[in-house]
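Chains as they are written, first to last, in our numbering: chain C, 58 to 462; chain R, 58 to 462.
Simulated from the structure, these hints should not be mistaken for laboratory data.
Don't take every hint at face value.
Since the list gives no way to pick one copy over another, a pair counts as held whenever it fits inside one copy or between any two copies.
[Claimed, not checked] The calculated lysine to any residue pairs, modelled on SDA-like cross-linking and capped at a C-alpha distance of 20 Å, are:
| id | residue 1 | residue 2 |
| --- | --- | --- |
| 1 | K177 | D200 |
| 2 | K120 | T73 |
| 3 | K59 | D225 |
| 4 | K375 | A333 |
| 5 | K77 | L110 |
| 6 | K120 | L147 |
| 7 | K77 | Q117 |
| 8 | K120 | T148 |
| 9 | K248 | V232 |
| 10 | K382 | R207 |
| 11 | K77 | K120 |
| 12 | K177 | R198 |
| 13 | K120 | N186 |
| 14 | K102 | V232 |
| 15 | K177 | D197 |
| 16 | K77 | A116 |
| 17 | K120 | N185 |
| 18 | K120 | G146 |
| 19 | K315 | N164 |
| 20 | K315 | R262 |
| 21 | K177 | Y91 |
2 protein chains.
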Amino acid sequence: MKIIVQKYGGTSVGTTERIKAVAQRIKGYIDNGYSVVVIVSAMGKSTDELVRLAGEITAQPSKREMDMLLSTGEQISIALLAMALHEAGLTAVSYTGSQIRMVTDGNFTNAKIHSISSEKIHDALRSNNVVIVAGFQGVDRDDNITTLGRGGSDTSAVAIAAALGVRDCEIYTDVDGVYTADPRIVARTRKLREISYEEMLELARLGAGVLHSRSVEFAKKYDVRLHVRSSFSSEEGTIVTSREEMMEKFVISGVTAKSDEAKVTIRDIVDRPGVASKLFGCLGENKIYVNMIVQSTGHDGKASISFTVKKDDLARAKELCGGLKGDLGGTSVESKEDIAIVSAVGVGMLSSYGVAGRMFEVLSRENVNIEMISTSEIGISCVIDSKYAELAVKIIHKAFLEENQ
Amino acid sequence: MKIIVQKYGGTSVGTTERIKAVAQRIKGYIDNGYSVVVIVSAMGKSTDELVRLAGEITAQPSKREMDMLLSTGEQISIALLAMALHEAGLTAVSYTGSQIRMVTDGNFTNAKIHSISSEKIHDALRSNNVVIVAGFQGVDRDDNITTLGRGGSDTSAVAIAAALGVRDCEIYTDVDGVYTADPRIVARTRKLREISYEEMLELARLGAGVLHSRSVEFAKKYDVRLHVRSSFSSEEGTIVTSREEMMEKFVISGVTAKSDEAKVTIRDIVDRPGVASKLFGCLGENKIYVNMIVQSTGHDGKASISFTVKKDDLARAKELCGGLKGDLGGTSVESKEDIAIVSAVGVGMLSSYGVAGRMFEVLSRENVNIEMISTSEIGISCVIDSKYAELAVKIIHKAFLEENQ
Chain C
58 MKIIVQKYGG TSVGTTERIK AVAQRIKGYI DNGYSVVVIV SAMGKSTDEL
108 VRLAGEITAQ PSKREMDMLL STGEQISIAL LAMALHEAGL TAVSYTGSQI
158 RMVTDGNFTN AKIHSISSEK IHDALRSNNV VIVAGFQGVD RDDNITTLGR
208 GGSDTSAVAI AAALGVRDCE IYTDVDGVYT ADPRIVARTR KLREISYEEM
258 LELARLGAGV LHSRSVEFAK KYDVRLHVRS SFSSEEGTIV TSREEMMEKF
308 VISGVTAKSD EAKVTIRDIV DRPGVASKLF GCLGENKIYV NMIVQSTGHD
358 GKASISFTVK KDDLARAKEL CGGLKGDLGG TSVESKEDIA IVSAVGVGML
408 SSYGVAGRMF EVLSRENVNI EMISTSEIGI SCVIDSKYAE LAVKIIHKAF
458 LEENQ
Chain R
58 MKIIVQKYGG TSVGTTERIK AVAQRIKGYI DNGYSVVVIV SAMGKSTDEL
108 VRLAGEITAQ PSKREMDMLL STGEQISIAL LAMALHEAGL TAVSYTGSQI
158 RMVTDGNFTN AKIHSISSEK IHDALRSNNV VIVAGFQGVD RDDNITTLGR
208 GGSDTSAVAI AAALGVRDCE IYTDVDGVYT ADPRIVARTR KLREISYEEM
258 LELARLGAGV LHSRSVEFAK KYDVRLHVRS SFSSEEGTIV TSREEMMEKF
308 VISGVTAKSD EAKVTIRDIV DRPGVASKLF GCLGENKIYV NMIVQSTGHD
358 GKASISFTVK KDDLARAKEL CGGLKGDLGG TSVESKEDIA IVSAVGVGML
408 SSYGVAGRMF EVLSRENVNI EMISTSEIGI SCVIDSKYAE LAVKIIHKAF
458 LEENQ
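Extracted from the complex, chain C is given alone in its bound form (with noise of 0.2 Å):
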């Protein structure tokens, strides 16, 4: 039995006249000798209505509830497509999160998998049918339903492949695969026909997946080969794999910027060992998720520490530095909101010499000031003034993605 796993975003099932579309392209791999089973999103604003629905009774509402609430919205999806599947001449049947037995830990709107059943699938499949499973829901060991938060149902699809020991894994979404740089911004954008795992975990860090990490880590440990693509046209997405089985291996494979962090900088703290985990320890502990850190080589036994926070946190961290200063000596407490962090991505990085550098100087030659800079192994990113944002995603577009390929 050749099997595939396919999953349909928001977009994808947004109308009946969608899901009959979808119910056509099944169709299209039954035909093909395919048994597919197929993961569906709430449809299109639907999910949005619930959450308004919730807001009207009240501002802080049950989780448990939410979860029970939410996970209505894939239920219609899975009901109406079944329908249109037998409407195309197909059998098919739906199923709950709770009817496969995926089953998760007990943290409602954000749950973790535990296990899935796949025995129900199995069996639906070898009876000919189409599988439909609502992604984005699970069960916990009390059968009290639970939701899997962001990008919850690309993460239910990648984990039914692993369970089902699926190698393909179909992603359809609105974009048509993984781009070089965002095409409203780069004119030149290129579609990727390969990425890797860790470079699609750099790109949703960033800001710029089409993917939330947690299904690319999923993809990553189960070894599931995630195909990313439009649900409205059948051309070919972005295959998203190791780093071994891709075909070419560019230096550079995405260039991003976003604005969406303040930059906190803490000058004069003594230094010495434990100020850094004083300080990231205590904002951690405050749920502050902090993105990139720099700290200046010190003189005088003293050094700054500058890092990046969400905007929305950046009042509350700003307080809690405040409170901190004293124990670590620092004399000030500063931030600057206008910024923007640019990165390039990139597997070939690691085989590349000079990447960060050449990087620094298609920058500096625009007169683009870098006021911090943080390299992993697959990715740089600098932090520069927002309003150069665009310019510098285009430069640095330009002279890696454009003129040598």
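On the provided structure of chain C, position chain R as indicated by the hints.
Frame of chain C; chain R shown alone:
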């Protein structure tokens, strides 16, 4: 623990404002020391909206998938009501039919309840929760979601009361009780303080019931006392209970008229055993529900049979009768659509002579011709020309319910 079971219909939870009002009503019971188990329907017209979506996809939706689809309506209501109860300062937890193991047969869209596990409800009550259960839905033995058909949420409520061994079940609806006649027809109609299960069943059969017959049968079987009342007022409604428990028994407690049936007459059938069983056996096999049946006394070994069927089934019924006519020896199949069935219902008839005669006299006084008569233990029904339906209800109500009481 003083437990009360309450069921709120679609109008009672039609908007988030209404849901908040229901939460306040429940709070009143909690403040008075009750433990409350609440069964809710889908919000207002939300089921219609789901049916519309299915209709956009297929004219013949799979019943299993219809149940998957429609059961989301109640799931939305229970989550929102739980949130509203939390907002009102109460602890509350919601459960789907699946979660309380409301196990039914596998007859999708019209399933019958086999068993309920009361353990989860008892546990939650012991932890001081208001327990909210999705009405209308269950699961079959293979964990497929089922729905209970028309009046399903009332049946859920009664079944849960029975499973918990609770005597009292309040049914909140958009009318404030059971009336002696339709107030749109009869000006001097009265709300009944009490009515027996049998009368309520007869009214349901005659299409005038506030409750579906299945829930009343359940209530009768398990001796659950129903209180039919409005969620829009604090007034007492109507208690549905056993005849033995009723304080006073009226000769007639209700007068109804229905116009959704048509009459079929087969003339000159051979008058011998087996003829009626052949005819009605055939109609039954074809799932045509026959309400009234009258066979005229034969002469010359011939008889006529008249019966009523739903107007929707008339064409098919005539076709079947036409096919059987030769076998039965009938000469012609006639039908009449513009009829009404006017009925008087009351347990008091059992101990009161001459009710039928008085009813016929009342009708004849106004020159209303009676085309068929059928009597049951607690009801008399007459088929008359549909144009006299309202008049008939008025004069029978006047004779039995206004003049002598």
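Against the structure, the hints come out as follows:
Proximity of K177 and D200 under a CA criterion of 20 Å is satisfied in both settings, with 17 Å inside one chain copy and 11 Å between copies. In this assembly of identical chains, K120 and T73 lie within 20 Å of each other by CA distance solely across copies; the values are 18 Å between and 30 Å within a copy. Taking CA atoms no more than 20 Å apart as the test, K59 paired with D225 passes inside one copy only; the shortest distance there is 10 Å, against 57 Å between copies. Only within a single protomer do K375 and A333 lie at most 20 Å apart by alpha-carbon distance; the minimum there is 15 Å, versus 89 Å between protomers.
For the homomeric pair K77 and L110, the shortest alpha-carbon distance between copies (12 Å) is at most 20 Å, but the shortest distance inside one copy (28 Å) is not. Proximity of K120 to L147 under the C-alpha cut-off of 20 Å is restricted to the inter-copy arrangement: shortest distance 16 Å between copies versus 38 Å within a copy. Proximity of K77 to Q117 under the C-alpha cut-off of 20 Å is restricted to the inter-copy arrangement: shortest distance 15 Å between copies versus 37 Å within a copy. Proximity of K120 and T148 under a CA criterion of 20 Å is satisfied inter-copy only: 14 Å between copies versus 36 Å inside one chain copy.
Taking the shortest alpha-carbon separations for K248 and V232, only the intra-copy value of 10 Å comes in at or below 20 Å, while the best inter-copy value is 62 Å. Taking the shortest Cα distances, K382 and R207 never come within 20 Å of each other, neither inside one copy (35 Å) nor across copies (67 Å). When the C-alpha separation of K77 and K120 is checked against a cutoff of 20 Å, the pair qualifies only between copies, where the shortest distance is 19 Å, while the shortest distance within a copy is 33 Å. With identical chains, the CA atoms of K177 and R198 are at most 20 Å apart both within one copy (18 Å) and between copies (14 Å).
For a Cα distance limit of 20 Å, the shortest separation of K120 from N186 across copies, 16 Å, qualifies, whereas the shortest one inside one copy, 34 Å, does not. For a Cα distance limit of 20 Å, the shortest separation of K102 from V232 inside one copy, 17 Å, qualifies, whereas the shortest one across copies, 35 Å, does not. For the identical chains of this complex, K177 and D197 are neighbours both inside a copy (18 Å) and across copies (15 Å), given an alpha-carbon limit of 20 Å. When the C-alpha separation of K77 and A116 is checked against a cutoff of 20 Å, the pair qualifies only between copies, where the shortest distance is 13 Å, while the shortest distance within a copy is 37 Å.
Proximity of K120 to N185 under the C-alpha cut-off of 20 Å is restricted to the inter-copy arrangement: shortest distance 19 Å between copies versus 38 Å within a copy. In this assembly of identical chains, K120 and G146 lie within 20 Å of each other by CA distance solely across copies; the values are 16 Å between and 40 Å within a copy. In this assembly of identical chains, K315 and N164 lie within 20 Å of each other by CA distance neither inside one copy nor across copies; the values are 29 Å within and 54 Å between. Taking the closest pair of Cα atoms, K315 and R262 come within 20 Å of each other only inside a single copy of the chain (10 Å); across copies the shortest separation is 67 Å, beyond that limit.
Proximity of K177 and Y91 under a CA criterion of 20 Å is satisfied intra-copy only: 18 Å inside one chain copy versus 42 Å between copies.
In the structure shown, a violation is registered for the earlier hints numbered 10 and 19, in ascending order.
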